[in-house]
Amino acid sequence: MKLLGRVMRVQAGKSIGLGLAFLLSVSGYALMSNVANAAETQAQATDAVSDENDPLEPMNRYFFEVNRFLDTIAVKPVATWYDGVLPGFAKDGVRNFLDNLRSPVILANDLLQGEWDRAGTTASRFAINTTVGVGGLMDPASRWGMAQHGEDFGQTLAVYGTGEGPYLYLPLLGPAPVRDLSGFVVDQFFDPLTYVYWNGPNTVPVARFVLNGIDLRARNLGTLDQIERTSVDYYATIRNLYRQSRLNEINNGETNVDTLPDIDNLNFDTNEPQAVSPTS
Amino acid sequence: MPPMFSARMASPFMLSLAALMFAFIALVPASARAADNEAAKAFVSETSEQALAIIGDKSIDQSTREAQFTALLRAKADLNRIAGFALGQFIRLPTPEQKTEYLKLVENFIVKVYLTRLADYTDQKLTILSSTDKGAKEVIVKSRIEFTSGREPVTVDWWLIKEGDSFRIFDVNVVGIWLAQEQRSTFTSVINSHNGDFNALLDHLKAQIAKADTSGSTAN
Numbered sequence: 035m036k037l038l039g040r041v042m043r044v045q046a047g048k049s050i051g052l053g054l055a056f057l058l059s060v061s062g063y064a065l066m067s068n069v070a071n072a073a074e075t076q077a078q079a080t081d082a083v084s085d086e087n088d089p090l091e092p093m094n095r096y097f098f099e100v101n102r103f104l105d106t107i108a109v110k111p112v113a114t115w116y117d118g119v120l121p122g123f124a125k126d127g128v129r130n131f132l133d134n135l136r137s138p139v140i141l142a143n144d145l146l147q148g149e150w151d152r153a154g155t156t157a158s159r160f161a162i163n164t165t166v167g168v169g170g171l172m173d174p175a176s177r178w179g180m181a182q183h184g185e186d187f188g189q190t191l192a193v194y195g196t197g198e199g200p201y202l203y204l205p206l207l208g209p210a211p212v213r214d215l216s217g218f219v220v221d222q223f224f225d226p227l228t229y230v231y232w233n234g235p236n237t238v239p240v241a242r243f244v245l246n247g248i249d250l251r252a253r254n255l256g257t258l259d260q261i262e263r264t265s266v267d268y269y270a271t272i273r274n275l276y277r278q279s280r281l282n283e284i285n286n287g288e289t290n291v292d293t294l295p296d297i298d299n300l301n302f303d304t305n306e307p308q309a310v311s312p313t314s
Numbered sequence: 055m056p057p058m059f060s061a062r063m064a065s066p067f068m069l070s071l072a073a074l075m076f077a078f079i080a081l082v083p084a085s086a087r088a089a090d091n092e093a094a095k096a097f098v099s100e101t102s103e104q105a106l107a108i109i110g111d112k113s114i115d116q117s118t119r120e121a122q123f124t125a126l127l128r129a130k131a132d133l134n135r136i137a138g139f140a141l142g143q144f145i146r147l148p149t150p151e152q153k154t155e156y157l158k159l160v161e162n163f164i165v166k167v168y169l170t171r172l173a174d175y176t177d178q179k180l181t182i183l184s185s186t187d188k189g190a191k192e193v194i195v196k197s198r199i200e201f202t203s204g205r206e207p208v209t210v211d212w213w214l215i216k217e218g219d220s221f222r223i224f225d226v227n228v229v230g231i232w233l234a235q236e237q238r239s240t241f242t243s244v245i246n247s248h249n250g251d252f253n254a255l256l257d258h259l260k261a262q263i264a265k266a267d268t269s270g271s272t273a274n
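Protein chains in written order, with our numbering: chain A, 35 to 314; chain B, 55 to 274.
Heads up, a few of these hints could be off.
Capping the alpha-carbon separation at 16 Å, the derived lysine to aspartate or glutamate pairs in EDC-like fashion look like this [as the list claims (entries may be wrong)]:
#1 B:K191 to A:D298
#2 B:K196 to A:E288
#3 B:K188 to A:D298
#4 B:K191 to A:D296
#5 B:K191 to B:D219
#6 B:K188 to A:E288
#7 B:K216 to A:D296
#8 B:K216 to A:D298
If you're looking for bench data, these hints aren't it; they were derived computationally from the structure.
Here chain A stands alone, though its shape is the one from the complex (with noise of 0.2 Å):
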């Protein structure tokens, strides 16, 4: 769903104050959070049921119900036919070309958070790709062992300490919590085709962005579809889903046992009373 979005781009690229005011909130707000950052971590890996922070939810739930609007009407329609009706390879090569045209923005991304090695990689598949790999249609470097791996300015503020903040569901943009928002406008000024397109015509971006959100949503048409149908509750499923899968990439597919919930002193069969109501 957060595929879905990279409409901001064009946005940030066109309003160059809304892109600053967005900046200068980022940093105001990475202060505030590293202060009270320690705490909050803490909190988070102690606290098992503290992925609720949602304090918007009502909004949230109604531009979710948006975004499922306008995937019924357009977004799926057009990302079955896609899927249908290009061959595997054509989907490849597009995917391949959207991955090698996103490299500026996770080497910058790389290199703030000090991994050179997987800087190393992300600078050697550009080189490569766009080359031996025309222009970015095929991956050779991938099958010489060196994967594709992602990174964005939100990784980086997660990095540095900074927190998630509460969460958001934008329409066209899905789940977009401040931290990551941030990050995502951000990442827009780390993009040398934002300024190849600054003055131009919004044509070129605005492709960028349909086809990469067709090409997701292609790809994952079966997935969200069994997600939809096995969910108790599909909104709620999804802001897990995205909160995990973020951690997940935050640490770059590492487990940290340490920050697991405890689970030793919990036991349904104790003799203690009901409750008497729950919290509200």
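Add chain B to chain A, keeping to what the hints say.
Quick look at chain B alone, frame taken from chain A:
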């Protein structure tokens, strides 16, 4: 002030005693841990093979498959603890009758949901990678599923609780997602959005199980 311990004071006997104690402290837990890890890996490997065999068996019908999967789940997973964990802060909310019904529904729900979600995992090979202890009673085993179709490999972590000589599964992580945590966030969300009405959760579970039944029968 003279030093409390000098080389002269330490007799050969005391030295060897100290060495022996050191050896015990250093070696015994290490070897015990290593043995545990092998056992945990073997447990995961055996359990996953049984699960994949049930999912991939084309000769049985859906209800037989569900029955076999339920039996496996009861034997290998700590269903009570999973169900309790999934209620989060509402663990003390249900009455005894509600709890009995909830436990039954959760078991049924898990069977339906994961048989659906795992239905296309039929051409795979599971490799155990490593294991890490979490405290004294829990182990995390990492594994990877590779597909013969050339699909990207999927990482799967298994969170096990030690129980005597064997283990019970508490949670499974697929490409970074802990499944019990996912269920907990939706279950608590349902209870919260119905002002703490536990029956709302039971109704939702029943509806999901019914939905899985109909979609399962059309898919076959």
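How the hints compare with the structure:
1. B:K191 to A:D298: Roughly 8 Å separates the two Cα atoms, so the pair holds.
2. B:K196 to A:E288: The given pair, whose Cα atoms are some 10 Å apart, holds under the 16 Å limit.
3. B:K188 to A:D298: Measuring from Cα to Cα gives roughly 11 Å; hence the hint holds.
4. B:K191 to A:D296: Distance ~11 Å between B:K191 and A:D296 Cα, so the pair holds.
5. B:K191 to B:D219: Holds: B:K191 and B:D219 sit about 12 Å apart, inside 16 Å.
6. B:K188 to A:E288: holds (15 Å)
7. B:K216 to A:D296: holds (15 Å)
8. B:K216 to A:D298: holds (11 Å)
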